[in-house]
Amino acid sequence: MSALRWFVRTVDRALDGETVYRELLAGEPVAFWLDGSLTDRAARRVSVLGTTLGADAEVVVREVADGDVFAEVQELIAGRAARLDGVPAELTGVFNGGYVGYFGYELKALTGGAVAHESPTPDALWIWANRFVVIDHDRDVSHLVSVDSVDDGWLERAARIAAHWSMSGVDVPAIARLDLEAHLEQDRAAYLAGIGKCMAALEAGETYEVCLTNRVRLPAVPDPFEFFLWQRAHNPAPYAAFLRYGDLAVASSSPERFLTVDADGWAECRPIKGTAPRDPDPAADQLAAKSLAEDEKTRAENLMIVDLIRNDLGRVSEPGTVHVPQLMEVESYRTVHQLVTTVRGRLRSGVSAVDAVRACFPPGSMTGAPKIRTMEILDQLERSARGVYSGVLGYLTVDGRADLSVVIRTAVLTPSETVIGAGGAIVLDSEPVAEYDEMVLKATAAVGANAAAEGWGR
1 MSALRWFVRT VDRALDGETV YRELLAGEPV AFWLDGSLTD RAARRVSVLG TTLGADAEVV
61 VREVADGDVF AEVQELIAGR AARLDGVPAE LTGVFNGGYV GYFGYELKAL TGGAVAHESP
121 TPDALWIWAN RFVVIDHDRD VSHLVSVDSV DDGWLERAAR IAAHWSMSGV DVPAIARLDL
181 EAHLEQDRAA YLAGIGKCMA ALEAGETYEV CLTNRVRLPA VPDPFEFFLW QRAHNPAPYA
241 AFLRYGDLAV ASSSPERFLT VDADGWAECR PIKGTAPRDP DPAADQLAAK SLAEDEKTRA
301 ENLMIVDLIR NDLGRVSEPG TVHVPQLMEV ESYRTVHQLV TTVRGRLRSG VSAVDAVRAC
361 FPPGSMTGAP KIRTMEILDQ LERSARGVYS GVLGYLTVDG RADLSVVIRT AVLTPSETVI
421 GAGGAIVLDS EPVAEYDEMV LKATAAVGAN AAAEGWGR
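Going by UniProt numbering, the residue at position 60 of the sequence shown is 60; the numbering climbs one at a time, nothing skipped.
No lab work stands behind these hints: they were computed from the structure.
No more than 20 Å apart at the CA atoms, straight line, and that leaves these computed lysine to aspartate or glutamate pairs for EDC-like:
hint, residue 1, residue 2
1, K197, E431
2, K297, E206
3, K297, E331
4, K197, D437
5, K297, D307
6, K297, E329
7, K290, D279
8, K297, E431
9, K197, D187
10, K290, E331
11, K197, E376
12, K197, D379
13, K297, D429
Cβ pair distances, simulated, as ranges:
hint, residue 1, residue 2, range
14, D307, E417, 34 to 44 Å
15, E203, H183, 28 to 38 Å
16, D264, T414, 32 to 42 Å
17, G314, R373, 11 to 21 Å
18, P415, D281, 41 to 51 Å
19, P219, A82, 40 to 50 Å
20, G320, P219, 44 to 54 Å
21, A78, A204, 39 to 49 Å
22, R160, G54, 12 to 22 Å
23, W266, P415, 39 to 49 Å
The model shown is predicted, which means the values in this text are computed figures rather than measured ones. Where is the CB? At the ideal position from N, CA and C, for every residue including glycine.
Just need the whole structure built from these sequences, with the hints factored in.
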């Protein structure tokens, strides 16, 4: 096959992500926006928007029954990398080409779990990103990139459009409010009954922690991108993302990092266990954060998942490199406080980013511990497939790096309905009504101001 080349144009300003999407990508059947602009963490803020075009365009869409999609994606990345020369200097350390998409929760069947429910959406969806825009918000620069064997003119067209934005801006239409009626798949009584069954399994010693989840079902929305903009405005998050493939759209406001792998082979997980609502009163809000950090039950939940992730990461890391540089620190977002831990390890020689994903999948914060037995319990208690929810979403680059979030606070939108997953960790000293309320809090954060949650019984 012919060699692939990078074609890059640099714009001396950080372009507006919404404008880039509307002007360059809204008319494409496949598009993505990984929005890194909404974090106030110390991490470098970079957004990536793009699509797949031309003779080399590719979208990998798979069901769990199709075979080992982890191995397939790894093979595809290796094949693309073999056709490319060194990474251009301006794209070092940022997204420089690769696959953007998700691995859905039902792929647990490839990592020790069972096939219990069939998802109505693809179990894996990965876009070969060969036309994209990198926005470096902190360095106030953007890069327009085409990865192909020949320059087909896309870069020139994109540059002309970007110059128009730079000079005069673009008139962006106002976001219209959506009035939607939301329903829980398992109502209050059913969810509390499920918590009771979790407690029975805990008392029997079958598990230490169970992440029980529910689905919020809403009518289809006329414009999924508008839904994402509402979500982005009302619940900004560091791993916000919008992904569209035909009639399927994923709108995420995830605060949780699943896994990153850097150029030196260091892998990092940042599990969240522990959630408390924000309070409009500053003193009360500070007290809520302090109470979350000191709550013994929450700390026990977090520590169990940290131990699980240390074990998962340890299976693919060099001996002695797995460590915890940040243990149970409170991070605050628009609607909630979260208790977050950081786990790091250096991957062994010959271990790829996809290998690390497989070793840690599905996210331990979305299963409980021990992972395999707890997934079996969840299969019995949950009525439907989690689908994209509880999986991982982000990018895998041609130079071996990765950045993936846990799919939470996320809407999956199709022409028939909109589905949002929410849940929480159940342990021996859980208070069932409080656990139900936490699930509702998370669901409400994802729905934002768009839906009336009548009859949820908080």
